[in-house]
Amino acid sequence: MISITLSLTNFRNHHQTVVEWGDHVNIITGPNGAGKTNLIDALHYLCMGRSFTSSSDQYVVRQGAASFLIKGLFRGNIRSQFEIACAYSRGEGKKLFVNDSPLERHADLIGRVPVVLVSQNDRKLTGEGPAERRSFLDALISQTSPAYLDDLIRYRRIVRQRNRLLFEHSMDRGYLNVLLEPWNRQLVETGARIISGRNKMVSKFCKYLKFAHEQLAGSGLEPAISYKTFCSDQQSFLSLNNEEIADAYRSELDEAYERELDRRQTVIGPHRDDLVFFLDDMELRKFGSQGQHRIFALALKMAQLYFYRDELEDLPVFLLDDVFGDLDPSRTDTVMNMLLQHNGQSFITAAHPDKISGFRDQEHARIAWYDVKDGNVSSTE
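For what it's worth, the numbering used here labels the leading residue of the sequence shown as -8, then goes sequentially.
In case anyone wonders, no lab produced these hints; they're calculated from the structure. It should be emphasised that the depicted structure is a prediction, and the values quoted were computed from it without experimental measurement. For every residue, glycine included, the Cβ atom is placed at its ideal position computed from N, Cα and C. Treat the hints with care, as some may be off.
Each computed DSSO-like pair below joins lysine-lysine, with the alpha-carbon atoms no more than 30 Å apart [claimed, not checked]:
(1) Lys198 / Lys115
(2) Lys346 / Lys191
(3) Lys195 / Lys219
(4) Lys201 / Lys277
(5) Lys115 / Lys346
(6) Lys191 / Lys277
Taking CB as the label site, the calculated pair distances span [as the list claims (entries may be wrong)]:
(7) Thr325 / Arg66: 26 to 32 Å
(8) Asn154 / Ser194: 29 to 35 Å
(9) Glu172 / Asp365: 57 to 63 Å
(10) Glu95 / Lys195: 26 to 32 Å
Model the full assembly from the supplied sequences, consistent with the hints where possible.
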């Protein structure tokens, strides 16, 4: 997939910005606060329908404005050119469009333009709680499987409804049991499909992680991922089919009922799953160095890129936000060369372009350079 042009109106510090992109590696330079990250955040909006830098759409509206508009023209291997637009106003909220036709659901955008994002937040993947790792895994699968995304949306709705019932009716068990039963059936059926989908993805994804990690760190320590769900006998549980997983899930749910009454919330299920990362037999979160965490997180995203390359008909858009600041010169060169060998399109923000200045000196035909100052973008080729 190729982003041809990007148009911003009242987005962050961009008043009126139009950029024509190169087909391969696009490097965006400029001082901190100039608006570099805002450009790739806008691309992320068009791919995923949301910002990766802000929790709320209202916070990305340009100061003094009441709305923003992002438009992007794309072309793919199997589709002719098409336009995606994201419009937000404080009165009407956010609306998404494809070729001027409104999308009924946010989820209908996911996967149209597959995207991989590398940012400073990735350090949370390996070092913080399980929510970050679940989000990574869910995003990884959702861009290749609309059915999985639908199950994920359905499951979250079921959990919210169960939690509401547990909170409001925990003092009347008889009535609560009647209310919960239809939701319990939906919970275990939908949850079983999510668990199965996650387990299959982890098994398939490991080879891509090993390849990416070896490119970045050499052939020393071997990376691995373990999918951790609520069942104590993980290996046996994850070898079951969907129906058997649902039956086992229901048994665990029944056993957890007292805990649910105490906490007034759903305490087991895929919404509490985790991924455990290893280097050889060493659990990364407990024993890894800062450098090992950094390389592992980057390898996860490079592996995502390679996985999409094999699984999807269109290559993903690859967004890298100020990642070179944490890499030594050797690994910076490694990443740049990996991107130059990749046939897809990449966008890199660089607050310290001196780290990659050698590539500018080469006048490489696959690299397009842009400079940003105070929300104004200029090509510097």
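Hints and how they fare:
1. Lys198 / Lys115: holds (22 Å)
2. Lys346 / Lys191: Measuring from Cα to Cα gives roughly 39 Å; hence the hint is violated.
3. Lys195 / Lys219: holds (16 Å)
4. Lys201 / Lys277: The hint holds at about 20 Å.
5. Lys115 / Lys346: Between Lys115 and Lys346 the Cα gap is close to 25 Å, so the pair holds against 30 Å.
6. Lys191 / Lys277: OK: Lys191 and Lys277 at ~26 Å, within 30 Å.
7. Thr325 / Arg66: 26 to 32 Å: Since the Cβ atoms of Thr325 and Arg66 sit about 29 Å apart, the hinted range of 26 to 32 Å holds.
8. Asn154 / Ser194: 29 to 35 Å: holds (31 Å)
9. Glu172 / Asp365: 57 to 63 Å: Roughly 60 Å apart at Cβ, these two residues keep to the hinted range, so it holds.
10. Glu95 / Lys195: 26 to 32 Å: Given about 31 Å between the Cβ atoms, the range holds.
Of the numbered hints given earlier, the model fails hint 2 alone.
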